[in-house]
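Novice: Chains as they are written, first to last, in the numbering used here: chain A, 1 to 359; chain B, 1001 to 1359.
Treat the hints with care, since some could be wrong.
[To be verified] Covered stretches of chain A, as calculated for chain B (at least 3 residues, CB under 8 Å):
no. : region
1   : 19-33
2   : 182-189
3   : 238-244
4   : 249-258
Worth flagging that the hints you see were computed from the coordinates, not collected in a lab.
All C-beta atoms in this analysis are idealised placements derived from N, C-alpha and C, irrespective of residue type, glycine included.
Number of protein chains: 2
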Amino acid sequence: VRIAVIGVGLIGGSIGLAARERLGATVTGTGRQSSSLQRALARGAVDRVADTVEEAVADAEAVFVGVPVGLLPSYVAAALAAAPADCVVTDVGSTKRAVVTAIDDQRFVGGHPLAGAETAGVEHARADLFDGATWYLTPTDGTSGMLYERLHRLLHGLGARPVAIDAETHDRILAVVSHLPHVLANVLVAQAARTLEAGPHPPQRLLATGPSFRDATRVAGASSDIWTDIYLSNRDALTLQIDEAIDRLGRVRDALREADSARVTAWNDAAAEDRRRLLESQLAGGPLFELRASVPNRPGVIAQLALELGRAGVNITDMALYPADDMSEGVVALWIAGEQNARRAQELVSQLGFPVARP
Amino acid sequence: VRIAVIGVGLIGGSIGLAARERLGATVTGTGRQSSSLQRALARGAVDRVADTVEEAVADAEAVFVGVPVGLLPSYVAAALAAAPADCVVTDVGSTKRAVVTAIDDQRFVGGHPLAGAETAGVEHARADLFDGATWYLTPTDGTSGMLYERLHRLLHGLGARPVAIDAETHDRILAVVSHLPHVLANVLVAQAARTLEAGPHPPQRLLATGPSFRDATRVAGASSDIWTDIYLSNRDALTLQIDEAIDRLGRVRDALREADSARVTAWNDAAAEDRRRLLESQLAGGPLFELRASVPNRPGVIAQLALELGRAGVNITDMALYPADDMSEGVVALWIAGEQNARRAQELVSQLGFPVARP
């Protein structure tokens, strides 16, 4: 498979490494910084370097755009303009509404792998970065089913777990599970630095901070080149989450002021329970079951199916599309982990009006 | 050395394991839960179990009290009442003012190891839990120098880095580097759970959350048996920190609302710089230099010396006290890492009025 990567940083470089190692792909890299491209070449993350987006995507079957969120619409549009008619173009940006709204092309599928955080740059790229990682995809009504399936299989080949989600839900959820944690880490690190400097201890040794502080501030001050765009492009959802956090903090403070031991305990116990459920929910699993559904071969159908299962919390582990000879209709095979999930998937696909069987 | 551990959980159990393995200590355990004591015995964290505090400390040379912060004053007092005249008694509580204020005995030194967080209970105890970990000690004017030195050496033998600090500063700093991170983790996990449940995705699979969320919420909902007391006993310092966090969050929100890219970038870059300095400050190091100071053999002198160096950010890696035969005066040897720190320590000790040399 021939892959183009536009923007070869931590994510783009890891895509290149994994695609070359695991899929035997030929990877062409391009980007804004020639020094990064040379490092990517030296590390084996790309086979060759192209000077322009046009040159990089000319014969590609799949294009990954890994530039800062604010630049995505223009780079994705440039890639689509130069890419072949049957090439899938995706991006790896941390917010999805802006780019998905800006692009109207059946070859485009928005994407976002949940991987990488503390480090940046191609020098930290790893072939196993995506192993087991959720990789959100945001197909729309206009998305080509054939190209969506190709991308899904590619990501599965990179070790990731592709999950379909609509762009709006993605951004709302990421505001609380990623962007707010980054904001809190920044606040905490700044506040701790000021507090420690204000004490009798001189700034040159700010005292040990312990494991909880290290964990809580690991992502503090992540690269502004990437994060200013993320914060701004999701600022409506993020400011709502910040307001809610302020409100919750105010309530904890009140309970503490009143030395209300029962309320503090109830609040803490509830957090323990929330954490337990969140961790539990991450554990997918069970043996794989195959479903085969007959679907019309038109844009949006595979997207609809993937989104519907995503909404129901049913994860598609792997996917294969077998178009009919006349391209008017085809069969999609879905592999679902767990007996119960497979049954639920069968129900849902059936409710969408597609004949479905477990072979 | 004969050690008693009162309350054999993660910390108490790890003290027992490390003391037995590394110091050949005989460890007696006691506590409120006989099931924990039996598990501690089975794991080899203690040599024997005593039914009462009195029995446990009867022939001890050092006592570690590891009960919840709210119970510390009564348990420490009980240990002191029953312990021999030359036995050092310490605790491992996460807040220090309450217990230090409650206890007036030259054999007592408040303590707090910065280790352990996500897990609790003796089943997670490890002999290497304290390796390289800061272990705060809060001696006072009344503290016996001989017993402080014994405790310092013991902790060094467990793998920890003992650092003297006054109880007030300890609690103020821990409010921001430990208690506030726990509060933020609780807030974040609760808020994320509510947001994810409110979406179209059902609670049974709350979607992947990514590495930044896992890091940020690792300590969420830590055991209420321990943490309600910690929060309440430090509520004055903690509510100030919560108020400051609310204020900082409000300012970030305002910059986002105004889509003020320059302000968001400046804020994020400042956090990166704060994090860099905080990380850098944790790296002690350099070769060890020995200092020898002549000190009068009376309570408070070693504490004064340790606190003075602690305030100056000079870490005492190891310490040994050689009392004169008539016990009226003695020599304390201090090992300090790094040429510059050693010079600074020499200055400070000299300024305190004690003759000091580098042998």
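Novice: Look at each hint and say if it fits the structure.
Specialist: For each hint, the structure was consulted:
Requiring three or more residues with a Cβ within less than 8 Å of a Cβ of chain B, the coverage given for the region 19-33 of chain A is violated, as only 0 such residues are present. Coverage of the region 182-189 of chain A by chain B holds. Counting CB-CB distances below 8 Å, 8 residues qualify, and the rule asks for three or more. Under a criterion of three residues with beta carbons nearer than 8 Å to beta carbons of chain B, the stated coverage of the region 238-244 of chain A is upheld, 6 such residues being counted. Counting residues of the region 249-258 of chain A whose C-beta lies closer than 8 Å to any C-beta of chain B gives 6; at least three are required, and the coverage claim holds.
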